[in-house]
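Trainee: Letter 70 of the sequence shown, counting from 1, is numbered 70 in this note's numbering, and no numbers are missing.
Treat the hints with care, since some could be wrong.
Keeping only pairs whose Cα atoms sit at most 16 Å apart, straight-line, the calculated EDC-like set for lysine to aspartate or glutamate is [to be verified]:
1. Lys14 - Asp53
2. Lys81 - Glu61
3. Lys81 - Asp59
Now the in silico label distances, taken between C-beta atoms and shown as ranges [to be verified]:
4. Arg58 - Glu84: 37 to 47 Å
5. Pro22 - Gln73: 19 to 29 Å
6. Asn44 - Gly75: 19 to 29 Å
Calculated directly from the structure, the hints in this document are not laboratory data.
Ideal Cβ placement from N, Cα and C applies to all residues, glycine included.
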Amino acid sequence: MVNRLDTYLAARYKRLTVRRGPLRALVAVEHSIITAIWHMLTDNVAYHELGGDYFTRRDPERATRRAITQLNQLGYTVTLKPRETAA
């Protein structure tokens, strides 16, 4: 069972709410749902959930920049050190 808060649509709403406000974000998510339904009915395919971490997986560098910027705005100094890979 998928956690209802860990879905692509929930992540999309959360990202859009910051920029557009809750009502416009809701309309955009409704449009995404309608578009997905249209493709499901037209192509005769099942819905494929992308997951709540879709945007992070799509562009990890952007997610890193966003996290660093947010921490800087909170007053923290951030230094990144690459993780050592396990052999």
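Trainee: Can you let me know if the beta-carbon spacing of Pro22 and Gln73 is within 19 to 29 Å?
Mentor: 22 Å, holds
Trainee: Would the hint linking Lys14 and Asp53 be met if the CA-CA limit is 16 Å?
Mentor: 12 Å, holds
Trainee: Can you confirm whether the C-alpha distance between Lys81 and Glu61 stays at or below 16 Å?
Mentor: Holds. Lys81 to Glu61 sits at ~14 Å (cutoff 16 Å).
Trainee: Does the hinted range 37 to 47 Å hold for Arg58 and Glu84 at CB?
Mentor: 26 Å, violated
Trainee: Going straight from one Cα to the other, do Lys81 and Asp59 come out at no more than 16 Å?
Mentor: Violated. Lys81 to Asp59 sits at ~19 Å, over the 16 Å cutoff.
Trainee: Measuring from beta carbon to beta carbon, are Asn44 and Gly75 in 19 to 29 Å?
Mentor: 53 Å, violated
Hint compliance for this structure: hints 3, 4 and 6 are not met, and every other hint is.
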